[in-house]
Amino acid sequence: AQRVTQPEKLLSVFKGAPVELKCNYSYSGSPELFWYVQYSRQRLQLLLRHISRESIKGFTADLNKGETSFHLKKPFAQEEDSAMYYCALANQAGTALIFGKGTTLSVSS
Amino acid sequence: NAGVTQTPKFQVLKTGQSMTLQCAQDMNHNSMYWYRQDPGMGLRLIYYSASEGTTDKGEVPNGYNVSRLNKREFSLRLESAAPSQTSVYFCASSEVLSLYGYTFGSGTRLTVV
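Chains B and R, in that order, give the protein sequences. For the first sequence, the working numbering assigns the number 12 to the initial residue and increments by one for each residue that follows. For the second sequence, the working numbering assigns the number -10 to the initial residue and increments by one for each residue that follows.
Hints listed in this document are in silico derivations from the structure and should not be mistaken for laboratory results. Note that the coordinates shown come from a computational prediction; the quantities given were computed from them, not determined experimentally. For each residue, glycine too, the CB sits at the ideal point set by N, CA and C. Worth double-checking, as some hints may not be accurate.
In silico DSSO-like cross-links for lysine-lysine, where the CA-CA straight-line distance does not exceed 27 Å [to be verified]:
no.	chain 1	residue 1	chain 2	residue 2
1	B	Lys68	B	Lys84
2	B	Lys68	B	Lys26
3	B	Lys112	B	Lys26
4	B	Lys76	R	Lys60
5	R	Lys46	B	Lys112
6	R	Lys46	R	Lys(-2)
Derived coverage of chain R by chain B (criterion: at least 3 residues anywhere in the stretch with Cβ under 8 Å from a Cβ of chain B; other residues may be distant) [said to hold, decoys possible]:
no.	stretch
7	22 to 31
8	34 to 48
9	89 to 95
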């Protein structure tokens, strides 16, 4: 079964601390993975695509096929990073995204 | 460039009432989607349309119907609203899913009393 698991509902860190938002997936074959961010009461925005290996707003994510993980990382958290983060996986048919339940990141000073 | 536009932004319905949520995109995308977002549940797919003229059920289709009116517009209808349908509804569109993912609308916050 295709599945995305985000084990943490809430992650609280201090400003300047490193951040790692966990995402594990279940999938047969080569997964296409994404991270989306939702700031308070706003629309979801694409943050990262696994396929492009880009770095946006200081965030990076590396696909680890052995651990079936796609964790989102940032070396120094900022208060403006406080938001809900969703990990998503393209389904086997390539027709839709499967989302995890999301992790709320709270960065305090 | 508006992207994906949803109307209305907020709605309160009484149990048993019907309504249609509208979604339009101006990016010439082939695929469109409806999700609901509930606390602790993440985003769950209700229906999607891979191309104009086709629609398919997602994970939670019961109580909903959809219409892909043309390439731009994809509407979601609640025929007889129930309190369990209280949620935030997001429309999204995509072109090449695996490359670009989705573009989302701003959401419709629906309360059924």
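For a quick check of understanding: which of the numbered hints are violated here, in increasing order?
4
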